[in-house]
Every structure is written in C-alpha cells, then in structure tokens.
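Enquirer: Start from the sequences and build out the full structure, keeping to the hints where you can.
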Amino acid sequence: MGYQFTKAEANALFQQWKERYDVYAPMLMKGEGCFSDTDIVRYGQPDTLEDIEWAKKSDYSFKEVLLSINQTLFYFTEDKTIVPNPPKKEILIFLRACDMHALTRLDDVYLKNGFEDIYYRQVREMTHFVLMGCTQSCETGFCVSMGTNKADTYDGYVKLDGETVLMDLPMAELAEGAKAEELAVTPDYVTENFEKVTLPKNLTNECFTDDIWKEFGSRCIACGRCNFACPTCTCYTMQDIFYNDNPKNGERRRVWASCQVDGYTVIAGGYDCRKNQSDRMRFKVLHKISDHEKRFGHTMCVGCGRCEAICPEYISYITLINRLAEKEG
Amino acid sequence: MKNEYIPQLSTVREVIKHTALEYTFRMEFDHAEIVKPGQFFEISLPKYGEAPISVSGIGADTVDFTIRRVGKVTNEIFENYVGDKLFIRGPYGNGFDIENYKGKELVVIAGGTGLSPIKGVVDYFAAHTDENISTTLIAGFKDPDSVLFRDDFKFWKENINVIQSVDRAPEDYTGPVGMVTKYIPDLKFTDISNASFICVGPPIMIKFVVKAILELGVKEEQIWVSHERKMCCGLGKCGHCRVGSTYICLDGPVFNYVDGKKLID
Ligand code: SF4
Ligand code: SF4
Ligand code: FES
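Chains A and B, in that order, give the protein sequences.
Throughout the first sequence, residue numbering follows our numbering, covering 1 to 329 in sequence.
Throughout the second sequence, residue numbering follows our numbering, covering 1 to 265 in sequence.
Everything labelled a hint here was simulated from the structure, so no lab data went into it.
Each hint should be verified, as a subset may be incorrect.
Pair by pair, the computed Cβ-Cβ distance ranges are [what the hints assert, rightly or not]: (1) A:F208 with B:F208: 18 to 24 Å; (2) A:I69 with B:K102: 45 to 51 Å; (3) A:T209 with B:F155: 44 to 50 Å; (4) B:K182 with A:F208: 26 to 32 Å; (5) A:E90 with B:D97: 43 to 49 Å; (6) A:E32 with B:D259: 42 to 48 Å; (7) A:T72 with B:D84: 20 to 26 Å; (8) B:D259 with A:L28: 48 to 54 Å; (9) B:R150 with A:K88: 53 to 59 Å; (10) A:T209 with B:T174: 42 to 48 Å.
List time: in silico DSS-like cross-link candidates among lysine-lysine, alpha-carbon distance up to 27 Å [stated by the list, open to error]: (11) A:K275 with B:K142; (12) A:K112 with B:K261; (13) B:K36 with B:K2; (14) B:K207 with B:K261; (15) A:K196 with A:K179; (16) A:K201 with B:K262; (17) B:K36 with A:K112.
Since the model is a prediction, treat every value here as computed from it, not as a measurement.
The beta carbon of each residue, even a glycine, is placed where N, CA and C say it ideally should be.
Expert: Below is the structure:
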C-alpha cells in the first residue's frame with residue numbers, strides 16, 4: 001500500500017518504527033574516512049529520516065548489522081559453554097536494490113551451504129528491510145549489468161521528495177497508525193549506469209595461467225578492504241580470547257576474514273595453499289563472477305561497485321572483468 | 001535448532017605418545033558408530049583455538065586424534081591435558097567409503113600425519129583380509145624418530161604388505177630409506193585395472209605420488225586423495241577451505257582424483 005506524507009508525518013511514523021525496531025541506515029560520518037579529513041558513509045542508527053544519507057551510496061554495506069565484524073559465539077569456562085542471548089528487539093535496515101540482492105547471497109552461504117548458521121538465522125528472522133530507491137546511478141555501481149537494479153521483496157520503501165515523503169509499506173506492521181493519503185508508489189530504480197560490465201561466460205581452469213592475474217594482483221597490498229566493503233563477502237576466522245585475570249575462562253569469537261590477506265590459507269605446519277597476490281586476486285574475482293554461481297545459480301557479485309571505489313591501490317575490478325570478457329571475444 | 005558451533009566436552013581416555021612431538025588422544029564419543037575414517041573434528045586446544053584434526057582411529061565409544069605439538073604453549077598443554085577433558089565437535093566431511101575398496105588390490109600411500117585419515121581404512125582391511133584381494137601400505141616418515149603408530153604397524157605387518165620408509169636415517173639404520181614415490185614403480189599387481197590407490201599427505205607429496213601412480217598406467221578414477229586445507233568452521237561458512245566452487249569441509253576432504261585434480265588453489 002502506497003502513502004504520501006508530509007516530512008513531519010513521516011518522521012512521526014519513523015519515531016514509531018524506532019520504538020519497535022533498532023533502525024539501521026547509511027549515515028555520513030564526518031572525518032571518519034580512510035584518509036584523514038575524509039568522510040565515510042556507513043551504517044549507523046539515525047534519529048530522524050534526515051539523518052540518513054540518501055544521496056551517496058554507503059562505503060561499507062548493511063552486512064555488518066547481520067554479521068558483526070567481531071561476534072562472540074559463546075563464552076567458555078573449563079567445562080561449560082554459555083551462548084549469549086539473541087537480539088531481543090527487531091531490526092529495520094534501510095538499503096538499496098543491489099543490497100537486497102546481496103542479502104540472498106548471504107543466505108546462500110549462511111542458510112543453504114550445509115548446516116544453517118543459528119546466529120545468522122536468529123538475527124535474519126528478526127530483521128526487516130526498507131528499500132531506498134535510486135534516481136540516478138552511483139559512480140562505480142553496475143547493477144544494470146548484473147540485473148540487480150530492481151528489488152521487489154522489500155518490507156517497506158521510503159523516498160524523500162522535497163517536502164513530501166513517499167512510502168510503499170507491504171509489511172502491515174510498518175503502516176500501523178499511518179494516516180495519510182493513499183496512492184500507488186513504485187520504487188525508483190536506474191536503467192543505466194556509468195559503468196558497464198560484461199561477464200566472461202566460458203571461464204575454465206585454463207584462465208588460471210593468464211597474465212591478467214599478475215597484472216592486477218601484483219599491485220594488491222593485501223589490505224582486505226575490498227572484502228570488508230563487499231556486501232556479499234562472508235568469510236570469517238575463529239578466534240579464542242582468554243581473560244588475563246582468569247586464563248581458564250574466555251570466549252570464542254568469529255571475526256571477518258579476507259581472502260586477500262596473509263594467513264587465510266595457511267594450514268598447520270605453516271604451508272600456505274595460496275601464497276601470492278595474483279592467485280588471491282584470481283580466487284576472489286572468480287568466486288564473485290563464476291564459482292558461486294556454479295554452486296548457487298547466481299553470481300555472488302551484485303555489482304554494487306564498493307570494491308572498485310574503496311581500493312587504495314586503484315585496482316579496478318570492473319576493468320579486470322571486462323578484460324576477461326574481451327579476451328574471450 | 002541446533003547450534004553447530006558449540007563443542008561438547010569429551011574426556012581423554014588415553015594418551016598414546018608416538019614421538020616427542022606427536023600424541024594420539026583417545027577421546028570419549030558416544031556416537032562413534034557414525035564416524036568414518038577420513039572425517040575430521042574441530043578440537044579446542046585451550047589458548048590455541050580450534051583446529052581441524054582427522055580421526056585416526058574409531059573405537060566402540062571413542063575416537064582417536066593424532067595431534068602434533070606446534071610450540072612451547074601446546075607442549076605444556078599436552079602434558080596438562082592427559083587424563084583431562086577437551087572440547088570437540090564433529091564429525092565433518094565425507095570420509096572414506098570402505099565399500100569403494102572391497103574386492104580390490106588396494107595400495108595406500110601416506111606421509112607423516114597423513115597416515116591419520118587413512119588409518120581407519122588400513123585397520124579395516126588388516127582385520128578383514130578376505131574382503132579385498134590385497135592391501136599394501138607405503139608409509140613415509142621424516143626419520144626413524146618420527147614414526148607414528150608403532151604398535152599398529154606391528155599388527156599391519158602381520159596381515160598386509162607394509163613398506164615403512166624414512167626420508168633420511170643414520171648410517172646404522174636397517175629399514176627402507178627413501179621417499180614414498182620410490183616404491184611405486186616396483187608395485188606388483190595381478191590385475192592392475194582392479195587396483196585402487198589412496199594417497200594422503202601434504203599437497204606437494206600428493207602431486208608427486210599421483211604422478212608416479214599414473215605412470216603405472218592406472219586410470220584417474222582408480223585414485224583417491226584426501227586434501228588438507230585450513231578449516232576454521234567445518235560447516236561451509238568460514239570460507240577458508242573453499243577451492244573454486246568446492247568446499248573441502250563439506251564436499252571433501254576425500255575426492256576421487258577425477259574431481260580432485262580440478263581443485264586448484
Ligand atoms: S565484488 Fe565488488 S561490486 Fe561485486 S558485490 Fe562485492 S563489492 Fe560489490
Ligand atoms: S582493496 Fe585493493 S589493495 Fe586492498 S586487498 Fe582489495 S584489491 Fe588488494
Ligand atoms: S572449513 Fe569453514 S567453510 Fe569449510
């Protein structure tokens with residue numbers, strides 16, 4: 001059901017949401033960027049609709065709400081384990097179309113690959129999604145090439161339009177108490193990006209020996225930002241923490257991991273299965289555009305362009321993919 | 001819904017010291033009947049974290065894990081945990097399917113702790129010599145002091161063909177010396193098309209052993225390999241074990257070489 005509100009009415013409804021949900025949305029954080037005096041857009045908890053960054057795409061994605069960077073799985077003593085309580089309050093996440101598609105990729109790994117992950121399942125079931133439309137393409141995104149420019153599985157849609165606010169609220173709980181003019185609202189989406197990507201279609205193990213991996217990989221400084229910014233990267237490493245005052249007690253955590261960073265593939269005894277950055281680059285890119293698809297039927301990459309924008313070495317993922325496609329002819 | 005990350009506390013029944021560095025921990029496990037050789041558990045070593053360890057033996061209500069001490073801290077823990085408890089979770093992975101090797105001329109080639117994952121297979125055919133045509137074990141160790149499973153070797157030598165070799169040895173050593181690959185060209189078969197090979201060890205060893213086996217004129221589908229990778233979760237989630245579209249922890253670690261050869265890191 002679509003609605004048209006004044007800003008004040010919409011904010012009143014937003015306050016209602018905030019009582020019921022922990023609301024997360026992209027926000028402009030001043031001076032917190034990677035370089036001094038730069039700003040960053042990342043997820044936070046806005047007080048009003050105006051606190052949300054509507055124009056710029058977030059540098060880091062919504063995934064940190066569902067999969068925290070550093071999550072305690074359980075506490076342990078010598079002979080017991082204690083699992084922390086699951087979140088009590090439901091969650092509302094504001095995100096864009098590409099990210100709605102990224103959510104299905106997180107589901108692939110955490111719900112459909114072997115056992116279900118109970119921590120993800122619990123928070124996922126308590127989370128609802130509000131779509132932010134796109135009236136114009138972001139700089140580095142290529143959602144149109146990836147078919148992720150439109151999303152229709154949202155629980156709510158919100159658009160700030162001058163002094164009015166348009167909403168579509170298919171989830172009844174979000175519309176509770178909404179007094180406004182009802183009308184049809186359909187989300188904005190882009191039909192063209194600045195960046196266009198053609199995926200190579202016939203990739204085989206033969207491409208492993210291509211010089212292209214060295215060309216791009218040798219510039220990589222293994223900082224891992226491309227993975228941390230990507231809404232579909234899901235890897236983590238287990239970490240045990242012991243308390244200084246009681247070394248027999250501690251907690252087991254999982255922390256985000258990056259396939260570009262040293263140590264990712266080191267097995268007991270110190271042997272590293274994937275040692276150089278060229279191979280790591282190949283591993284990452286092929287996962288995004290082909291290996292995940294072989295297992296789950298759609299590419300992992302949703303074309304959000306975050307990895308392209310965040311790389312401190314200006315390694316262009318987009319150029320790399322297009323070059324691979326060109327080589328195929 | 002079950003929380004797969006929560007390990008269970010398991011009592012150490014027995015500790016078997018093979019070398020100064022490698023011990024087998026015999027741990028209580030109520031569901032030992034579901035465990036297959038080649039599967040692995042995640043074992044929590046305090047202050048060390050979780051580590052994927054292959055099952056090196058399966059008892060009525062116990063499973064064995066052969067663990068290598070990795071440094072000062074674990075040395076200490078090794079001593080302290082004798083007769084105590086450890087957290088474990090598993091079993092994970094596909095493991096070896098004994099049925100694949102029944103009625104065959106089976107050759108098992110393993111290096112060092114690579115013996116752990118296939119020990120259950122060797123145990124089985126050493127105890128059931130009538131269920132296949134022959135079993136040959138070629139086991140390689142770094143030097144005479146690094147030999148694992150000495151008691152098991154005694155039993156195996158009575159029942160199956162065993163070549164126990166060391167890479168290097170002092171001059172007065174009388175046993176076989178040389179890499180495991182050295183013995184492969186001399187293997188004798190009544191019908192080589194009915195032979196099966198299992199190879200377990202570090203990636204570099206697998207590479208050379210498989211090459212030597214193929215030179216015998218054996219087909220790729222007659223060879224089975226078990227892959228070792230970093231496995232943080234064992235649950236298809238952490239990503240560390242993935243190679244291409246394959247998750248070693250879910251789809252492996254045991255692969256027929258026809259599939260195994262496509263796994264390129
Ligand atoms: S690989 Fe890059 S473009 Fe694709 S989803 Fe991840 S961050 Fe976005
Ligand atoms: S962001 Fe760039 S430099 Fe950093 S790991 Fe990714 S590709 Fe390498
Ligand atoms: S060990 Fe974590 S995904 Fe395989």
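Enquirer: Now tell me, hint by hint, if it's right for this structure.
Expert: Tested hints:
no. : hint                           : result
1   : A:F208 with B:F208: 18 to 24 Å : holds, 20 Å
2   : A:I69 with B:K102: 45 to 51 Å  : holds, 50 Å
3   : A:T209 with B:F155: 44 to 50 Å : holds, 47 Å
4   : B:K182 with A:F208: 26 to 32 Å : holds, 31 Å
5   : A:E90 with B:D97: 43 to 49 Å   : holds, 46 Å
6   : A:E32 with B:D259: 42 to 48 Å  : holds, 47 Å
7   : A:T72 with B:D84: 20 to 26 Å   : holds, 25 Å
8   : B:D259 with A:L28: 48 to 54 Å  : holds, 49 Å
9   : B:R150 with A:K88: 53 to 59 Å  : holds, 57 Å
10  : A:T209 with B:T174: 42 to 48 Å : holds, 46 Å
11  : A:K275 with B:K142             : holds, 25 Å
12  : A:K112 with B:K261             : holds, 26 Å
13  : B:K36 with B:K2                : holds, 22 Å
14  : B:K207 with B:K261             : holds, 9 Å
15  : A:K196 with A:K179             : violated, 42 Å
16  : A:K201 with B:K262             : holds, 19 Å
17  : B:K36 with A:K112              : holds, 24 Å
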